[in-house]
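Q: What follows is each chain in one-letter form.
Number of protein chains: 4
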Amino acid sequence: MAAVHRIALVGAGRMGAIRGRIAAASPRFDLAYLVEPRADAAGPLAAELGCRTASFEAMLADRNVAGVIVASSTDTHLDLTLAALRAGKAVFCEKPLDLEPSRLRAHAADLAAPARPLYVAFNRRFDPHLRTLKARLDAGAVGALETLHLISHDPAPPPLSFVPTSGGLFRDFTIHDFDMAGWLTGETPADVFAWAECLVDPAIGAAGDVDTARLILRYATGRLGVISNTRRSGYGYDQRVEAYGSKGALMAGNPRTSTVETWTEAGATAAPIYGGFAARYPKSYAAELDHFADILAGEAEPAAGYAASLAALALAEAAARSLRTGAPAPVEAP
Amino acid sequence: MAAVHRIALVGAGRMGAIRGRIAAASPRFDLAYLVEPRADAAGPLAAELGCRTASFEAMLADRNVAGVIVASSTDTHLDLTLAALRAGKAVFCEKPLDLEPSRLRAHAADLAAPARPLYVAFNRRFDPHLRTLKARLDAGAVGALETLHLISHDPAPPPLSFVPTSGGLFRDFTIHDFDMAGWLTGETPADVFAWAECLVDPAIGAAGDVDTARLILRYATGRLGVISNTRRSGYGYDQRVEAYGSKGALMAGNPRTSTVETWTEAGATAAPIYGGFAARYPKSYAAELDHFADILAGEAEPAAGYAASLAALALAEAAARSLRTGAPAPVEAP
Amino acid sequence: MAAVHRIALVGAGRMGAIRGRIAAASPRFDLAYLVEPRADAAGPLAAELGCRTASFEAMLADRNVAGVIVASSTDTHLDLTLAALRAGKAVFCEKPLDLEPSRLRAHAADLAAPARPLYVAFNRRFDPHLRTLKARLDAGAVGALETLHLISHDPAPPPLSFVPTSGGLFRDFTIHDFDMAGWLTGETPADVFAWAECLVDPAIGAAGDVDTARLILRYATGRLGVISNTRRSGYGYDQRVEAYGSKGALMAGNPRTSTVETWTEAGATAAPIYGGFAARYPKSYAAELDHFADILAGEAEPAAGYAASLAALALAEAAARSLRTGAPAPVEAP
Amino acid sequence: MAAVHRIALVGAGRMGAIRGRIAAASPRFDLAYLVEPRADAAGPLAAELGCRTASFEAMLADRNVAGVIVASSTDTHLDLTLAALRAGKAVFCEKPLDLEPSRLRAHAADLAAPARPLYVAFNRRFDPHLRTLKARLDAGAVGALETLHLISHDPAPPPLSFVPTSGGLFRDFTIHDFDMAGWLTGETPADVFAWAECLVDPAIGAAGDVDTARLILRYATGRLGVISNTRRSGYGYDQRVEAYGSKGALMAGNPRTSTVETWTEAGATAAPIYGGFAARYPKSYAAELDHFADILAGEAEPAAGYAASLAALALAEAAARSLRTGAPAPVEAP
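Residue numbers (our numbering), protein chains in the order written: chain A, 1 to 334; chain B, 1 to 334; chain C, 1 to 334; chain D, 1 to 334.
Source of the hints: derived by calculation from the structure; they are not laboratory data. Where hints are given, some of them may not hold.
No copy labels: a pair is met if it fits in one copy or bridges any two.
Taking lysine to aspartate or glutamate and the EDC-like style, the derived pairs with C-alpha atoms no more than 16 Å apart in a straight line are [what the hints assert, rightly or not]:
#1 Lys134 <-> Asp201
#2 Lys247 <-> Asp201
#3 Lys247 <-> Asp138
#4 Lys247 <-> Asp154
#5 Lys247 <-> Asp110
#6 Lys247 <-> Glu187
#7 Lys247 <-> Glu265
#8 Lys283 <-> Glu187
#9 Lys247 <-> Asp79
#10 Lys247 <-> Asp62
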């Protein structure tokens, strides 16, 4: 009989609800607490998930809680994670662990080799399509990896109110591609070059951000990587990976909402791709929580944590520097 | 707060396990009993599902059991269904309800307008891809439906031991296509013509069955339908629907195990399709149990029951007659 | 220096113009004459092709004419072919050589082993896509061929005036599929079963023909073949071949008018397929004339002639008989 | 009756043979001369094309020669073009007109508004797939063009002997993408950034060149363009255009050598793409010569000439500067 791990969820926002539903439905977890200061949000979700609400402190005081899912607002991630680790809980933290590399580095002692395991949720690493691509790449299906093209195009920009606190396109959005590049290459780029514009909505520019970007990563081994980002595609949530090797290429395309094609005189129309991350990545969210159960059972090491967070953030910092200076920027060693 | 329906599962075989796992994970059911005479099969599955084992009679005696999933061997479906209905339980019965139309007709009084709802699991009706096709067809996306092509190719033949009790290719396998044709057209064909051969394994022929078939259905409205079946495709579990209308066509293709393509000098290889029904149709199995919960809640009428079973079986009978006589066979009115 | 063959073209209709333009542009032919009784049609085409007009007799009298392309109306094919053969000319005759098997058989002595080579233009045998399929099939890429599905859907019905003289759907249209089946299997079916309807235009039915058909071919070896025909698809000129073997399948799809896809929120729309045979099969028409040049040079035997014509026609006759009697019809041995 | 234009071909190399065969087969040209100093190359091609050999001067002296196709080695393009223009001939010159912008500019007076029309063969502008994409883009099918991704991957590197005289990757190879960007956007980028490596063959690096590159173009309007190049793809001659607009995207994919797919348990393998430019772009080569005939007939202005050559070359120069300096380089105004 498999062990059941008592866990708590912190945060009743969009990601909190997604994580909570998976945890509540999984036979591997006993989701005991929801921690959420906003009572109006806490109550309904706790009822749906069949768990109690509690303060963060009260929850930490329950010695049977083995793990904590930190899905609160980004600015609270680091403090809550540190507190939970100190209380002896394993932590599953939504990305980013923090937006400031300096703050991460200040806690390196507690985060780099934490007392209890720390997983930071770079969910794309658990997408079955991308895992298939990586497995084939690692198996040498197309020879040595030479260049990489990562496409992340959002269907529509986030609410304007989110922009000022997002950390900017590179730290909020491109961060997934930075992590994907690290995961696929196993290498940190030497330099990054970024050009970005505000083409989608001038209000994004007025808030000090950009919405359309192209970046090149250059690796010491000679590899080159391109990242393509936009906040508004006009055709859905476009998430592709193209890996070019010495003997061919591996292309991870977009799953479609159905296999149905409509054939008319205008051509053959394939079904739309998905409209957003919640619909596109449900299997990765489920697999991540399975991974957390494996971690709690002592059967797995976290696939990503402090080092991956810092590496992705260092790339985002370098990209922002490149954009500011108009020149390539070296990537700080993690 | 949504109602939770107490149900029981009869049968711990392959389909029983599939149904049981979905029911156990669903917040809409309280899966209370597993009925399975073979103790060695009953125990482990009951443990996994977190339910008690019980005799069929003891289970029926629990007045709080609202519904019964009949997933036992085909030859027991009808008797168990009748008994459960008589005991006031709603029934979810694996297809076929029975292999003999005469036996079904003998119980028409109890089955056609049963005291409690009866759903017979023609699972493809709940596949999201096929539902998308049907929705577009019904919305007139390609005009009036004129011809239909249904492809069901199994990756590999069933165990030889299964062949003699299977009812034969048409009643065991083509039955899904017969139901699909009825569901898509809303019409019963006037006649059917069938040619079938034993090309895959002579042992199937020795057991009195065929393994490769092509059928044409002719409707009173002039529509024509083709069914293409084989027990061994050599390329996976191929399940397609092609619906040709007066203004175009709708094509439901095979989902693939991933979106990854491998590009080499040999061409671009798309990922394999699924290898069997359990991997191909998980969403339809889940949706069917949701449908059963809706039925138990009084929010839905069964999508398929006695009439659909009889209609599909009548087609299978006509096809078998056509194959025997070498001529088209009229389809008995349901 | 390659030989240049003096040839003549008979017929200035649609196919005559297609053949003439290819012949005139080819360095392997000296297209010397156009034979066409309708002066208004003959003059402009002869001018375009840069050749003289002549009577059929005058053209035959030119001893330097090595070959004749017979592209006149169907009812004249056989007589003109026989006359040209008798005059010592090789013949390239549009299909069908004749619509009546009895008439063909009456001239078996002159046609089966003709004095000069006779090619009958079953053009699909020269389509590069279908040739690729056949080459892979013959190389065993998918094991032994078990079943075949041939799809020929016209975008729109022919002019009503054509229907009464067309010979009917099977002899005019399905004839290509009958030949394709023979070419791919190398076998004559034992029986054929056909159901056909008039769904597209009642006027076609009033003229005594059908416009939508499904046929099954049964071979002595156990193979089964399905043919799918309609006179109006609503989505273009659909010409596909699906060959199912013991180890997989080969699928020849429709080429598209461009590789451009349009991605919007409605999905990804691939370019239309071609709208008719002239746009779909230009390479097969060019390859056929190259084949005729090879024949004239003594470097090739005709890929199809009397035997292939008779075989396809025998299938059409059997299909018509099946439709009339409502039962499978045996196919007459060629 | 359409006019026939007497023309001459200069150069019997690979492109000369391609151009010559199309011209010889076209009813719109009288290909009168082949100019080629190497007698061993000149004789056979002239024989094949059915034209005389002549010296460049003798050919120019024929007052009936209206146009000259310059397909000699790159270093002779400019001088021969200038001489032919001075002799009153229209010129069809293979790209590049010259590798040195300064040399082009030195002859601006003769080239920018030449006495007779000058077409420089940026052949991709005449590819039907890319024209379809541009037509849809210009028609606003996906709103305003925001970003562009041009992929040009060669199947295999050129002979090493070619590398030193090629002008380098950007001026020899990327030049097509630079022109394509200009053609699609109608805009000259403000800056370009390039990173490039030698990953395919160290000998290319030893010869002072690179074989793998990624570039970003930045436009004054905010548009961004990415160019992806490699000298060896491992999967064929990959030529794609992705145009992202405010309302969707247009994607011009690679045509395949056939429509045949092979379905096995390993997946579905589509036919290979083409192996090189001669097989990929025959229709663009034919359309370019038609364009030249239109120009000679006074019915069209050259689609590309001095300005387009200079614009593409200016981009190549800027890219080379960027690669040298490691910083973005402004693009010189044409």
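Q: Hint by hint, note whether the structure agrees.
A: Right, here's what the structure says about each hint:
1. Taking the shortest alpha-carbon separations for Lys134 and Asp201, neither the intra-copy value of 35 Å nor the inter-copy value of 25 Å comes in at or below 16 Å.
2. Taking the closest pair of Cα atoms, Lys247 and Asp201 come within 16 Å of each other only across two copies (13 Å); inside a single copy the shortest separation is 41 Å, beyond that limit.
3. In the homo-oligomer, the alpha carbons of Lys247 and Asp138 lie at most 16 Å apart inside one protomer (13 Å), although the nearest pairing across protomers, at 29 Å, exceeds that limit.
4. For a Cα distance limit of 16 Å, the shortest separation of Lys247 from Asp154 across copies, 12 Å, qualifies, whereas the shortest one inside one copy, 31 Å, does not.
5. For a Cα distance limit of 16 Å, the shortest separation of Lys247 from Asp110 qualifies neither inside one copy, at 43 Å, nor across copies, at 47 Å.
6. In this assembly of identical chains, the alpha carbons of Lys247 and Glu187 never lie at most 16 Å apart, being 20 Å within a copy and 36 Å across copies at closest.
7. In this assembly of identical chains, the alpha carbons of Lys247 and Glu265 lie at most 16 Å apart only when taken from different copies (8 Å versus 38 Å within one copy).
8. In the homo-oligomer, the alpha carbons of Lys283 and Glu187 never lie at most 16 Å apart, since the shortest distance is 26 Å inside one protomer and 38 Å across protomers.
9. Proximity of Lys247 and Asp79 under a CA criterion of 16 Å is satisfied in neither setting, with 47 Å inside one chain copy and 41 Å between copies.
10. Taking identical chains as interchangeable, the C-alpha atoms of Lys247 and Asp62 are never at most 16 Å apart, the minima being 55 Å within one chain and 52 Å between chains.
Going down the numbered hints, you'll see the structure goes against 1, 5, 6, 8, 9, 10, while the others check out.
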